[in-house]
Amino acid sequence: MSGRPLLRLKIPAQAEALADMRQQLAAVLATLELADRERERIVLAVHEACSNIIRHAYRNCPAGSIQLDVSKLRGQLRIRLRDRAPPVDPSCIRPRDLGECRPGGLGINIIDDTMDRWRLRPLKHRAGNVLCMRRRLLKEKRK
Amino acid sequence: MTAKPIRNGCEQRVEAGWAVLDVFGEVDLSWSQDIRRRVLDALAAGPALAVVLERVSYIDSSGIAALVEGFQQARAKTQRFALVAPSDSVRAVLELARLDRVFPIYTDLAAALAD
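Protein chains in written order, with our numbering: chain A, 1 to 143; chain B, 1001 to 1115.
It should be emphasised that the hints constitute simulated quantities derived from the structure, not laboratory data.
Backbone N, C-alpha and C define an ideal beta-carbon position, used for all residues, glycine too.
Not one of these hints is a red herring.
On the chain B side, residues computed to face chain A include the following (Cβ under 8 Å):
| # | residue |
| --- | --- |
| 1 | Ile1006 |
| 2 | Asp1028 |
| 3 | Leu1029 |
| 4 | Asp1060 |
| 5 | Ser1061 |
| 6 | Ser1062 |
| 7 | Ile1064 |
| 8 | Ala1065 |
| 9 | Val1068 |
| 10 | Ser1089 |
| 11 | Ala1092 |
| 12 | Val1093 |
| 13 | Val1102 |
Examples of chain A residues toward chain B, derived with CB under 7 Å:
| # | residue |
| --- | --- |
| 14 | Glu16 |
| 15 | Leu98 |
| 16 | Cys101 |
| 17 | Pro103 |
Here chain B stands alone, though its shape is the one from the complex:
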């Protein structure tokens, strides 16, 4: 059996003063360090970061760790950090790790930017 090719990636933009990372595909150990680097770089460059997770069909603990590290860094520097529209798969892992009560989670980007 051959694996179906999965397109993984991350699009980055700035909206209303927020850095927005729009992640898609399956976030796992093979490239979660790339997400971590992008999260930390975005926080180094600006005051607020929203990570959009609507198109993430899978996330493992290494991907979650990248988000936790970003959240902690933002909190330490009183920056804004938001998770936006996590897919059901992402939400299930956040709940499993009890992080759904920790992260600021918004249903859409407009809600995060307006808060």
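Just chain A, same shape as in the assembly:
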């Protein structure tokens, strides 16, 4: 991953591993010029992305893993999540209409609302998927 590496972490694809991931990510983001609320939003978005990988890509199979890479390049925070789950069709991954009050499906909305850009890509020749997310780092509070 290009840019200045801030965090490289491999976690088991298990819900119990997410609290530790959040703490480590929050500690790294605390070194950047981010408002508290902005930092919390980014941690939440990454958590939601990992949750989706655990639940939908690995289908709660605990043997999988998730590689998280966070870096900073040209005023942008770059976050990459790599799994080894069966390929996911990116066209199926879309934010839902928040006008509908129903349980579930909010994770993509949180990612979409928090990140400036994101892209999910199944790997062609190897098992797994890569989710790349980007967020501009500004000194002033945004969103």
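Dock chain B against chain A, hints included.
Chain B in isolation, oriented as in the chain A frame:
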């Protein structure tokens, strides 16, 4: 780096005819199903449920989904359902999901019980 241990849990009581679930800690995928079960069980057992979220320092979409499911079930059965004193973290996620306009939210338990 080792994670700081987080104490998660839920205390349950009955007050003025309402079931009260007082949730604390970080509500995430690792135990949100437990919250969901408690919410649905409380609604199966009584006419009104207040979920106190003052001590919840983090909530993810699976935790929010448990609350939405409870709210929908209560509405379908004309039961009372209230969220009480959501922490700033919880309120931020409710706003992000535009659910702050959907849930009945009260600043404290007395206000919910009196309404």
